[in-house]
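Listed below, chain by chain, are the residues.
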Amino acid sequence: QKEVEQNSGPLSVPEGAIASLNCTYSDRVSQSFFWYRQYSGKSPELIMSIYSNGDKEDGRFTAQLNKASQYVSLLIRDSQPSDSATYLCAGRAGAGGFKTIFGAGTRLFVKA
Amino acid sequence: GAVVSQHPSWVICKSGTSVKIECRSLDFQATTMFWYRQFPKQSLMLMATSNEGSKATYEQGVEKDKFLINHASLTLSTLTVTSAHPEDSSFYICSARGGTGGEQYFGPGTRLTVT
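From first to last, the protein sequence lines are chains A and B. Residue numbers for the first sequence follow the numbering used here, so the first one is 127 and each next one is one higher. Residue numbers for the second sequence follow the numbering used here, so the first one is 132 and each next one is one higher.
What the hints contain is simulated information worked out from the structure, not anything from laboratory work. Some hints could be false.
[What the hints assert, rightly or not] In the PhoX-like style, the derived pairs of lysine-lysine whose C-alpha atoms are separated by at most 25 Å in a straight line are: (1) A:LYS128 - A:LYS237; (2) A:LYS237 - A:LYS225; (3) B:LYS186 - A:LYS128; (4) B:LYS172 - B:LYS186; (5) A:LYS237 - B:LYS145; (6) A:LYS225 - B:LYS145; (7) B:LYS172 - A:LYS168; (8) A:LYS168 - A:LYS193; (9) B:LYS145 - B:LYS197; (10) B:LYS186 - A:LYS237; (11) B:LYS172 - A:LYS225; (12) B:LYS145 - B:LYS186; (13) B:LYS145 - B:LYS195; (14) B:LYS151 - B:LYS195; (15) A:LYS193 - A:LYS237; (16) A:LYS225 - A:LYS182; (17) B:LYS151 - B:LYS197; (18) A:LYS193 - A:LYS128; (19) B:LYS186 - A:LYS225; (20) A:LYS128 - A:LYS225; (21) A:LYS168 - B:LYS151.
Computed from a prediction, not measured in an experiment: that's the story for all the values here.
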């Protein structure tokens, strides 16, 4: 099993819909999780971090963490074409959670 | 969020020459900096991790003598690609982490083309 696993997509949603991005992780990955957005040709941008079970909301974004199921998700409400990008899920691994492990990313297309 | 800068944003060099890329954390002290490489349509690949004042830790398969990393201060790390070859052409991205939040921020990246 990969340490952080994501469906590569593409995930296509209509404008205004909710986009749901999912990520699972292995036992090696610790308790800190992050979602990054990467536009084509650009570097990743941190959009959410989540450290404890449950939901965390920030504007149109909601991150959800379920440690028992080793599952992290990102919901984007009222999706806009400008949300079209690759979304990277990441978690901490290694001694003391020193290293950040990235998933391969899910490509999201929001159709106008 | 915190700001990380990289310079240059793009560089073209001839095969056999060396290229230095700078990474700076502008508004926080980066205790740890990371260097990644990304080929088109592929995911980020961690090359090495460096702590200020210490030798960098390289990932398996990354040649430390080819990719020289220096983390001289809490705000500056450099990556030097020595004796560059066309297969080194890639998007190099640095990332910095510091502070109590432990969140990791990325620089804008450097696109290297070796001719």
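The hints, checked one at a time:
no.	hint	in the structure
1	A:LYS128 - A:LYS237	violated, 31 Å
2	A:LYS237 - A:LYS225	violated, 36 Å
3	B:LYS186 - A:LYS128	violated, 28 Å
4	B:LYS172 - B:LYS186	violated, 31 Å
5	A:LYS237 - B:LYS145	violated, 42 Å
6	A:LYS225 - B:LYS145	violated, 34 Å
7	B:LYS172 - A:LYS168	holds, 12 Å
8	A:LYS168 - A:LYS193	violated, 31 Å
9	B:LYS145 - B:LYS197	holds, 16 Å
10	B:LYS186 - A:LYS237	violated, 47 Å
11	B:LYS172 - A:LYS225	holds, 23 Å
12	B:LYS145 - B:LYS186	violated, 28 Å
13	B:LYS145 - B:LYS195	holds, 21 Å
14	B:LYS151 - B:LYS195	holds, 14 Å
15	A:LYS193 - A:LYS237	violated, 33 Å
16	A:LYS225 - A:LYS182	holds, 23 Å
17	B:LYS151 - B:LYS197	holds, 12 Å
18	A:LYS193 - A:LYS128	holds, 17 Å
19	B:LYS186 - A:LYS225	holds, 16 Å
20	A:LYS128 - A:LYS225	holds, 15 Å
21	A:LYS168 - B:LYS151	holds, 20 Å
The structure shown violates the earlier hints numbered 1, 2, 3, 4, 5, 6, 8, 10, 12, 15.
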